[in-house]
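S.K.: With chain U fixed as given, assemble chains R, S and F onto it according to the hints.
Residue numbers (numbering that gives the first Met the number 0), protein chains in the order written: chain U, 0 to 378; chain R, 0 to 378; chain S, 0 to 378; chain F, 0 to 378.
In short, the hints are calculated from the structure, not lab data. You can take every hint at face value.
No farther apart than 30 Å at their CA atoms in a straight line, the calculated lysine-lysine pairs in the BS3-like style are these:
hint: 1; chain 1: U; residue 1: 127; chain 2: U; residue 2: 2
hint: 2; chain 1: S; residue 1: 177; chain 2: F; residue 2: 268
hint: 3; chain 1: F; residue 1: 369; chain 2: S; residue 2: 376
hint: 4; chain 1: U; residue 1: 288; chain 2: S; residue 2: 288
hint: 5; chain 1: F; residue 1: 2; chain 2: U; residue 2: 2
hint: 6; chain 1: F; residue 1: 376; chain 2: S; residue 2: 376
hint: 7; chain 1: R; residue 1: 177; chain 2: U; residue 2: 268
hint: 8; chain 1: R; residue 1: 2; chain 2: S; residue 2: 2
hint: 9; chain 1: S; residue 1: 288; chain 2: F; residue 2: 177
hint: 10; chain 1: F; residue 1: 177; chain 2: S; residue 2: 268
hint: 11; chain 1: F; residue 1: 369; chain 2: S; residue 2: 369
hint: 12; chain 1: S; residue 1: 369; chain 2: F; residue 2: 376
hint: 13; chain 1: U; residue 1: 369; chain 2: R; residue 2: 369
hint: 14; chain 1: S; residue 1: 288; chain 2: U; residue 2: 285
hint: 15; chain 1: F; residue 1: 268; chain 2: R; residue 2: 285
hint: 16; chain 1: U; residue 1: 2; chain 2: F; residue 2: 4
hint: 17; chain 1: R; residue 1: 376; chain 2: U; residue 2: 369
hint: 18; chain 1: U; residue 1: 288; chain 2: S; residue 2: 285
hint: 19; chain 1: R; residue 1: 288; chain 2: U; residue 2: 177
Partial selection, computed: residues in chain S whose CB lies under 8 Å from chain R:
hint: 20; residue: 22
hint: 21; residue: 26
hint: 22; residue: 28
hint: 23; residue: 257
hint: 24; residue: 258
hint: 25; residue: 259
hint: 26; residue: 276
hint: 27; residue: 278
hint: 28; residue: 279
hint: 29; residue: 294
hint: 30; residue: 313
hint: 31; residue: 315
hint: 32; residue: 317
hint: 33; residue: 319
hint: 34; residue: 320
Ideal Cβ placement from N, Cα and C applies to all residues, glycine included.
Take a look at the letters that make up each chain.
4 protein chains.
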Amino acid sequence: MNKLKLGMVGGGQGAFIGAVHRIAARIDGQFDLVAGALSSDPVRAATSAAEIGIAPDRSYANFEDMARAEAAHENGIDVVTIVTPNHMHADPAVAFLEAGIHVICDKPLAHTMQDAERIATAAANSGKQFILTHNYTGYPLIRQAREIIGRGDLGTIRVVNVEYTQDWLAEETPADNKQASWRTDPARSGAGGCVGDIGTHAFNLASYVTGLETDALSADLDAFVPGRRVDDNVHVMLRFRGGAKGMLWASQVAVGHENDLRLRVHGDKAGIEWAQENPNQMSFTKFGKPKQILTRAGAGSTPDGQRNIRVPPGHPEGYLEGFATIYSEAATLIRAADHRSVPDPSVHTPGIVEGIRGMQFITACVASSKNNAAWTKLG
Amino acid sequence: MNKLKLGMVGGGQGAFIGAVHRIAARIDGQFDLVAGALSSDPVRAATSAAEIGIAPDRSYANFEDMARAEAAHENGIDVVTIVTPNHMHADPAVAFLEAGIHVICDKPLAHTMQDAERIATAAANSGKQFILTHNYTGYPLIRQAREIIGRGDLGTIRVVNVEYTQDWLAEETPADNKQASWRTDPARSGAGGCVGDIGTHAFNLASYVTGLETDALSADLDAFVPGRRVDDNVHVMLRFRGGAKGMLWASQVAVGHENDLRLRVHGDKAGIEWAQENPNQMSFTKFGKPKQILTRAGAGSTPDGQRNIRVPPGHPEGYLEGFATIYSEAATLIRAADHRSVPDPSVHTPGIVEGIRGMQFITACVASSKNNAAWTKLG
Amino acid sequence: MNKLKLGMVGGGQGAFIGAVHRIAARIDGQFDLVAGALSSDPVRAATSAAEIGIAPDRSYANFEDMARAEAAHENGIDVVTIVTPNHMHADPAVAFLEAGIHVICDKPLAHTMQDAERIATAAANSGKQFILTHNYTGYPLIRQAREIIGRGDLGTIRVVNVEYTQDWLAEETPADNKQASWRTDPARSGAGGCVGDIGTHAFNLASYVTGLETDALSADLDAFVPGRRVDDNVHVMLRFRGGAKGMLWASQVAVGHENDLRLRVHGDKAGIEWAQENPNQMSFTKFGKPKQILTRAGAGSTPDGQRNIRVPPGHPEGYLEGFATIYSEAATLIRAADHRSVPDPSVHTPGIVEGIRGMQFITACVASSKNNAAWTKLG
Amino acid sequence: MNKLKLGMVGGGQGAFIGAVHRIAARIDGQFDLVAGALSSDPVRAATSAAEIGIAPDRSYANFEDMARAEAAHENGIDVVTIVTPNHMHADPAVAFLEAGIHVICDKPLAHTMQDAERIATAAANSGKQFILTHNYTGYPLIRQAREIIGRGDLGTIRVVNVEYTQDWLAEETPADNKQASWRTDPARSGAGGCVGDIGTHAFNLASYVTGLETDALSADLDAFVPGRRVDDNVHVMLRFRGGAKGMLWASQVAVGHENDLRLRVHGDKAGIEWAQENPNQMSFTKFGKPKQILTRAGAGSTPDGQRNIRVPPGHPEGYLEGFATIYSEAATLIRAADHRSVPDPSVHTPGIVEGIRGMQFITACVASSKNNAAWTKLG
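For reference, chain U alone in the conformation it holds in the complex:
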């Protein structure tokens, strides 16, 4: 099977998430990274391209040139991945979609709802694939959780509790911290800080696993660090359609937490608990029965829990493998689209719909918090 030709926008020297995307694209061997507009700084763009093996004539000074040239190239890229800060998602996404090139894009979808809708429109018009890298949905046990809830193992869901806590922004942001500086600048991150950066992951994960639609939320956002211009701690109560209730806590000032995304779901028949920092196990308890520790692809695992794995149970897979699954499923979707075939029904990677939903979540949280945590509808 020929590899897909991949381009990248953003991800030059000093960036974090670009390198992660490149590894994720390599792990399952389905992509060749052949083109890039890696930085808005032309020197850094060229140097970065050389470092990662992109030929000079496929390294571009900006995404507009890249979209135009790659669309015209006889061996042009099949798909581009966009790994820029939030405020620079929409313009390249629209440009590549309009150029007939599939798009993989980091989350959240955009920094404003208008931008998000521009992307959605372009995607709909293009007929091209748009994959949003909510990478935590790629963990096998998250797939298994989604599957067993879907088939009713938990019964009717009553309560969902999701958290994503970190502490790296617990103090004032050093001016030279590239990752921190754009995330705490509303002009680049959007109206939400923590809520957009990691709150959306938590919201997406809860929605993805349970299949529940959030009807309304009440949010209390804080910026605890003096001088911070965006929220760094987020408390949300959720009301789902159908009557389930939820709580969401996202924080970048929760001292003692590194990247502590965790999900608990309780139905009338059973409950589960999963935490990202040790993602190869999940607890599952049927009411009145002993708690079970389910392991990735281990005893009792389901078809979706056994798909997209690379090593047997007991050999931990991690963040990069979960991310790689998003890329592999993107490849499956892209190949199916290019061959006008029906994609594998087992593919469950988030896209435009989840991206818009995430933007609605951010928007509702910010609005609710400004309105004394009043209940606010999504969408």
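M.R.: Below, chains R, S and F without anything else, positioned relative to chain U:
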């Protein structure tokens, strides 16, 4: 040192918490249980008294007789412990206080605020001790957490997250389950179900450890089990005086949780996490430093963490020992009161103030939830 | 039911284990401590007795006087508990047995095999009960483990792995540490140091739970701390009758371990794991099935796992409650003996047989280690 | 930087470890897999090659042809990786080394000591690199453990405890299980079964981290499953040069364990504990101080713990990333050798020395066990 003479109201056959109180009173050897009105059913009262070694002439048919007789008895009880359902706390408490007898009482303080205030008034007028058995405050690491927060090890507190989750009421309550039936009957438990039974423990613990005063809360209460007349799941957002924020989750339908009281506190300097089911360890993380696992009375423990222990680190103490500490401190307070001496400043057992605060919490939660989770002031 | 009258030998001021025995005897309310020879120092004996409420005329200067006087007393003790260092077990045990008084004794049985056999003979001749406080056998989940192995849930046992690791003796023993000084003095602790103090607990626990008899062992004992006269680290390979194999590691120099007794048993059908520092849960895995986390008295618990409990699942019971179960079962045995009735078959408290077996274990370990870890038979 | 051209011997359809090596080689982007002799079955070899993108003219029917052709090819491979069963390591390794091609080889080094020595000789004569994929040495916290022990943070090492337990061979081996069948066939696996397959990993890890040399061992090997021709459970006592002691347990019949490699090291100053199934944390306890939970690249991490990482702390890296580090360091060693430069001193990947040491371990275990677990010298 002579033992204190103890009486008990409630706690006859079939009761749960009465037996716990009796063991707690025995562990440190400071009490002799010599009198009781163990049941409103006279036969059960007598049989229960015989079983636990109370002399027939000190077993009473009702608390009124008991208060009167014991106050007049030359070797009458020093203190009574009240272990009846919530709606039967106030009458005996007032009767014994008015009879000049110290009172130990199970939580919550009462089933209505009026009753709570009657107790408060009686306690103030009597000059007698009133101890409320928020037993989880008796764990040595909770004492240590309180101490290190008080001395500033966590810096300014920003976020408090407290949970108390169970699953024993996840299905319809069997009619013959004595524990379940009064807890789900508003006439006996009060307006709050789960919020009063375990939500108050969570609220008390967060307040006790952090020293923060709750200014207002927003609560979403549910009764998920069909036909249930009181809440069985409680979501609360908290705003503390001074700017800290909190979340509280109490549930009796969270399948997979037995008695999962857990507390996380995050300040600008450090964070802690503790869980009741494994109460002999607590994590403590200074910002930028490795997480430490502090053990009960182990390395790095503080004076308050080393007080009230019975066995060295590594030998687990549990629920009953924490409860016994409440009793031992009650003994200390009672002896000091009786001798008009200053009680040991290390005693930190909850009493009337915490009881009223807990009632305000229940009241505010119920009111907020009826008002679409509107922010509601406490007290 | 009348309480049993209890006496104590040893356990005066400064002792550790005596206080533990006293609490254990109080928890279930079956004993009254009424007499003692608490110290070989008469002043300390009298002061200690006063402190714990023993009447002056029941406080004795030595155990010989006490045995004689209590046997003659019209309300003399029913049972004595011996909590002296190892070298002072045999003389009082024999004296009280010969005086017709039941004996509870701390472990190991004695400091030499001769002494152990003197006790065994006296016990056999007296017809009185002799209970050895291998307290870890009192944990409910240990009872449950014993029961499920006995009924075949693990199939044929293949491998047993038991450890008991501490670090409190990792450095040279301070001269003023009373607990440390006798444990590291061969004249008082016996030929084994760590192997006798905690190795016997580990050996007993493995034997108790599995029902396996050790045929031979190979032991490598070390005294790592300079100047130490007894072993402080013990490595043993075990061969059980019937073909199972085992490893045992006991250490008092394993830095990072407080009181880390843990047991793993693997059969051809299932495996279990339990650790004393969090004794309210045990893992249980059937081959090819998900691991289950069994909790004390929780879902899936067995009759023996539900016996001897005081609080519901999720409320941790600890070291003292396990110890209290030994005392309560001692009471059951003593009452049955005194009434010439058949004791409750659910009583499984260790006694003389296990004590002799423990001495054989110590003896074999010391002999094997001196002989370059040669395989050495027990008994 | 140009990628290294990689060939593979073994790893055709149905193989497990070959696919793992291919991912490991891809993750850091330093290798292109361009040639292979993937199977001794020519049809499977060709099909497998096509599947993984090896050109037909670089797919060989056997390793002899491959070594010859690739050595002569103008763009011939720089390095070959050997992923065949143990008995087929030596012949290809020698062939490629003699052809002047670097070798990466799965462990153990060979199935007999003679074969191992043939490889050692060929490696020495060739001047080429030979890397043995003891992949668990690639975990960042293992590197950190090695570094802190090397610099003295644990003081003098006293006790080492290492385990590698699995349960996948707890029952009779299905005839059609390719992975199981060669591992339980002495003709292909060598004299050791479990001891060679996973015991060597445990032994290597303990040696790697502590730097201690094993002087002698006493081993008790069992084949618990009826009809099994190699050991499936291994108990070993270890004596290290300098006086430290150790225990090693390897089992493939320990029901309840998936891939439970764990290491504990105790010195006179501190102790550590690490387990492979959650490899992103390690406990570290200084004597008398609280236990610390060190995380991969997190607070308190060391230079070696921060090297070879791909994502920040809190985002778990797993088995494949550890394996990838071995490949990346192999690349570093190969480039240095090819450029006659000094390799980066931070490279610590096992090679011939560790391979020979592992064979001595297997040999000594088998010999000791046959001799009633007599102490047996290594080497």
